[in-house]
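Number of protein chains: 2
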Amino acid sequence: MSSSLCYESKTPMEECIMSGGNDQLSYTKNSTYQGRVIEVTRPLINEAISEKFLAECLLSGRTICIADLGCSIGPNTFISMQNIIDSITSMYKSIHGQNKTTPFTFQVFFSDHPSNDFNTLFKSLPQDRQYHASGVPGSFYGRLFPPASLHFVHSSFALHWLSKLPEELMDKNSLAWNKGRIDYTNAREEVAEAYASQRRKDLDCFLLARAEELVPQGLMMIVVPARPNGVSHSHILFNILNDILGSCLMEMAKRGIVREESVNSCNLPMYVASIEEIEEAIKRNGSFSIEKMQILPSVSTTDAGLSPQGTSSGIRAIMEGIIKEHFGFEILDELFELYTKKLEENYHNIVSAKVCNLVLMLKRNS
Amino acid sequence: MSSSLCYESKTPMEECIMSGGNDQLSYTKNSTYQGRVIEVTRPLINEAISEKFLAECLLSGRTICIADLGCSIGPNTFISMQNIIDSITSMYKSIHGQNKTTPFTFQVFFSDHPSNDFNTLFKSLPQDRQYHASGVPGSFYGRLFPPASLHFVHSSFALHWLSKLPEELMDKNSLAWNKGRIDYTNAREEVAEAYASQRRKDLDCFLLARAEELVPQGLMMIVVPARPNGVSHSHILFNILNDILGSCLMEMAKRGIVREESVNSCNLPMYVASIEEIEEAIKRNGSFSIEKMQILPSVSTTDAGLSPQGTSSGIRAIMEGIIKEHFGFEILDELFELYTKKLEENYHNIVSAKVCNLVLMLKRNS
Ligand SMILES: Nc1ncnc2c1ncn2[C@@H]1O[C@H](CSCC[C@H](N)C(=O)O)[C@@H](O)[C@H]1O
Ligand SMILES: Nc1ncnc2c1ncn2[C@@H]1O[C@H](CSCC[C@H](N)C(=O)O)[C@@H](O)[C@H]1O
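Protein sequence lines, in the order shown, are assigned to chains W and Z. In short: position in the first sequence from 1, add 127, done, that's our numbering. In short: position in the second sequence from 1, add 127, done, that's our numbering.
Extracted from the complex, chain W is given alone in its bound form:
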């Protein structure tokens, strides 16, 4: 295992924007960051696609099955899948000669919640794709595929979503009752612990399912926001942004625009695990070796072309659904106006916050 556990604190909002996979706006604004992700992940994929991996693929038939878990509607997922295929193809050619055509057929499984807009995904599939495309509806915290049927699993900016909220957060008699907040960042320790515990269970389910679905020597690349060991929740950009959103809601509660109880019962189903927590989950599971572990480089605010307004829109794209459900859509405009204002006020905090996106390349043991 070679890992370069460093992190940068240079800049801000890319990760929230990346998570805004459901929003067209955030995609177009986000090509710079996606470019960087590709720069970092491509050599990682190239290294992982070894001769041994190819031999294993040939053993299990000539069809290489690749899955993207939490694919959203594209176009990122199309880029990622193409990268993996390109990498396999060029590895094959580098062994067998540039003029040889690969004997492989590729089957790509785009997977996300059944509520994902697969219709849009299917309609925007690249015309010139060299693979058989397929959509798989379901949660990646459960089994999605037959045993030993996948050669390469990919998942980016999705694994920080929890399968469900810890119940204690809504229980007034629990120390983890999350009064006046929608996240764990500056909350009582018990709140963060409830989140962390759910994260542990979820990661265990995810890894268990994938261990069954991957062929021996199969690869899994994960890109996920993470918290560097020793850094507190409140120094992570992702958390700061969520926390500010919660404080806006509380301000609106004080002004009587939303009910305070609604804020108490609203909690965001996401958690940025520490690098240690992620490594421990992999060890606990025992079926994977960590081939590579790396932090994505940050992008400067200017490069990403982001302003407090842009960040606000990006976060709105992700959170709108959750907020609407709890507070009704009427509050959205006012909430995000206030949010933009608060982001402006806190801009120094935001610019200096830690952004850490982890890239992991795991290999299924034989």
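These are computed hints drawn from the structure, not numbers from a lab. Hints are supplied without guarantee of correctness; some may be wrong.
Note: identical chains are not told apart, hence a pair may lie in one copy or across any two.
Straight-line distance between alpha carbons at most 27 angstroms, and here's what the computed DSS-like set of lysine-lysine pairs gives [claimed, not checked]:
#1 Lys-227 to Lys-328
#2 Lys-291 to Lys-306
#3 Lys-419 to Lys-179
As the structure is a prediction and not an experimental result, all values here were calculated from the model.
Chain W is already provided as a structure; the job is to place chain Z with the ligands on it using the hints.
For chain Z with the ligands alone, kept in the frame of chain W given last:
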């Protein structure tokens, strides 16, 4: 090959309603017919799932892959897929003992045009399904799956759709110019020949693709409206219904409500092939043996619970899209009012028309 080439002329509208896979109404009204389809196809599936087939499945891994081509949005597709799985499971148990659980995992591919509403399909997947579900967008006239990756292909009430319209129909200089009609039924011979020729090409593409995708000994069950040899187009219910729709449009053209040119350029992209034409395509292809060939029993009008009004709604559900595109949605209500009236007037024709739905069980040669 054992075939029972008989046909019944008893009743009417079931096939059009079955084709109305996109319309909720037509499904609910159609449970009687679906029940009959299951009655007929179940023993066919049971017979085809031989010990040899199971052995072949075990050889190619323990995952049995089943595809439904032209699946629409359910629920019919869910019933069909469950039937096939049940049949395989009970065959396994009858060989290895009732208490043995099957060593198989099932992977079901629901396939249809990319414009099909996969979102609805995915949201209505049976909760208690014992298979991994997956959606595959694309035309079944091309390749959809990796080579030798499917064990069982199913397609019902979909193969009478053409991949495209023969161009001659729109060419004023061609003898196949289809002036004043939207189908081939009472048209010049050249029109029907143009349709038949497109049907030939399409069937060839379909069979070629499936021959590549099915494993040796793999099975393919097709249910499709067909024309008994020697019976003319104009005696087939399916055709009568389309032809009456065309005559309604021409009547509206005479009244100045639609343009006659629009009727000239509107042609329905479907063709009911004769049983002979279908058999010939299979022979031409050469990769399949016909294990079984049978005509579905008809359902009486009363059983199907259908009236001219019901038939009109069923046909509207199928044709609305095509009509809207050519004539605008404004004409729909008037058109289908007129259509209902004409169906009432022609009810004796309709009740005495030939309905012939063919069920084919094909086996991929080794
Ligand atoms: N438990 C779960 N199972 C499947 N998908 C999930 C999930 N939790 C979150 N997701 C999905 O994860 C996606 C995160 S957005 C990320 C999209 C894409 N991978 C990219 O990198 O741009 C969303 O589409 C969301 O629906
Ligand atoms: N070339 C093609 N490729 C894929 N699907 C097609 C097709 N031509 C027609 N279809 C689909 O075939 C379906 C016919 S409706 C039949 C639905 C279902 N099989 C049943 O038996 O109830 C429609 O959903 C239509 O979109």
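Any of the earlier hints contradicted here, and which numbers?
1
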